[in-house]
Amino acid sequence: MANSDTRFIYANDDGGICIVIPADNTDLTLDQIKAKDCPSGKTVYTVNKSEIPTDRSFRNAWTYTE
Amino acid sequence: MSTLKVNTIQNTSGGASSTADQLSSGRIRAWVNLDGGGSSNHAPQINASFNVSSIADVSQSTYNIYWDTDFSNTNYAIASFAGFDNYDQQNWVSSPTSTALSTWKQTSMVQLHAVYANELHNRDPDDFSVIAIGT
Numbered sequence: 000m001a002n003s004d005t006r007f008i009y010a011n012d013d014g015g016i017c018i019v020i021p022a023d024n025t026d027l028t029l030d031q032i033k034a035k036d037c038p039s040g041k042t043v044y045t046v047n048k049s050e051i052p053t054d055r056s057f058r059n060a061w062t063y064t065e
Numbered sequence: 000m001s002t003l004k005v006n007t008i009q010n011t012s013g014g015a016s017s018t019a020d021q022l023s024s025g026r027i028r029a030w031v032n033l034d035g036g037g038s039s040n041h042a043p044q045i046n047a048s049f050n051v052s053s054i055a056d057v058s059q060s061t062y063n064i065y066w067d068t069d070f071s072n073t074n075y076a077i078a079s080f081a082g083f084d085n086y087d088q089q090n091w092v093s094s095p096t097s098t099a100l101s102t103w104k105q106t107s108m109v110q111l112h113a114v115y116a117n118e119l120h121n122r123d124p125d126d127f128s129v130i131a132i133g134t
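From first to last, the protein sequence lines are chains W and S. Each residue of the first sequence is one higher than the one before, starting from 0 at the first, in numbering that gives the first Met the number 0. Each residue of the second sequence is one higher than the one before, starting from 0 at the first, in numbering that gives the first Met the number 0.
In isolation and in its complexed conformation, chain S is listed as follows:
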């Protein structure tokens, strides 16, 4: 495999410069989209992913995302989304309850919980996505 080594990449007009470091630190390192099965009541499944080795169905609407290539530290940024398929509730994503940051966010994985409006009766999301950026 060949390696292209450059300091700066520009467009054909000489603008829109990006250094190799900027590209490396700014690109999406890992992402996953999964179907938790809420509406169709089936086991969770990965729809598509990049740099993810597996997900874990920890409990209802709680998932571990394991990175294929780990991050060098835990200062990476996460964006996540959870939604239902035509269901009369809203949903959002949080860290798990009463869990230390060092437990739910590690260089090798992150654990996220899709929070239902009524915590007494949660529901698996139909669309759950995670994007991670960092080094």
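Just chain W, same shape as in the assembly:
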């Protein structure tokens, strides 16, 4: 599975969510990317990219619950 098939999700300080899209052209593993590019003090959810909505009409109002 390519890195880019995975997304990391965490809550922004402004109440929205940040969705991290791992790059494929890197030697880093998903765990290394998660540790390096996601904040350590927040809960980070790992999901498949297919779970991310494609309709971005209200992107800034998105929240995430498991």
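Watch out, some of these pointers could steer you wrong.
Derived CB-CB ranges, DEER-like [claimed, not checked]:
| # | chain 1 | residue 1 | chain 2 | residue 2 | range |
| --- | --- | --- | --- | --- | --- |
| 1 | W | Y63 | S | T11 | 52 to 60 Å |
| 2 | W | Y63 | S | S71 | 32 to 40 Å |
| 3 | W | A10 | S | S71 | 51 to 59 Å |
| 4 | W | M0 | S | A116 | 24 to 32 Å |
| 5 | S | M0 | W | K48 | 27 to 35 Å |
| 6 | S | G25 | W | F57 | 37 to 45 Å |
| 7 | W | D23 | S | T134 | 23 to 31 Å |
It should be emphasised that the hints constitute simulated quantities derived from the structure, not laboratory data. Glycine residues also receive a C-beta, built at the ideal position from the N, C-alpha and C atoms.
We have chain W already, so just place chain S on it with the hints.
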């Protein structure tokens, strides 16, 4: 892995000299091209990249670019572009609003915002590129 150590590189005529330091400081350290999905209304995706570990979809048309190998300081230069696919608006790239420089530009990442002509109704760019040069 072998390492080639030289002071100067020239062309076969003895011209176009570059030192190893010049090559190191002048080459592109990282770049990324992504599709924000504006016209086709899909989730952002990385089209191609170099020395980038990930991007973050922070909000509509705002992206964090995380460097695979970090810069040694924040004095690196950035060039960026954002554009639409046949849409009747222009677009340009800026730092995020009301955000400290030390927050949006760090040795490990940069946060950039593709600014739509009408800030009340932004739109994800269809083509967004970032190039970074520095040490």
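To see whether the hints hold, each was checked on the structure:
no., hint, result
1, Y63/W / T11/S: 52 to 60 Å, "holds, 58 Å"
2, Y63/W / S71/S: 32 to 40 Å, "holds, 35 Å"
3, A10/W / S71/S: 51 to 59 Å, "violated, 31 Å"
4, M0/W / A116/S: 24 to 32 Å, "violated, 39 Å"
5, M0/S / K48/W: 27 to 35 Å, "holds, 34 Å"
6, G25/S / F57/W: 37 to 45 Å, "holds, 43 Å"
7, D23/W / T134/S: 23 to 31 Å, "holds, 26 Å"
In this structure, the hints that do not hold are numbers 3, 4, in rising order.
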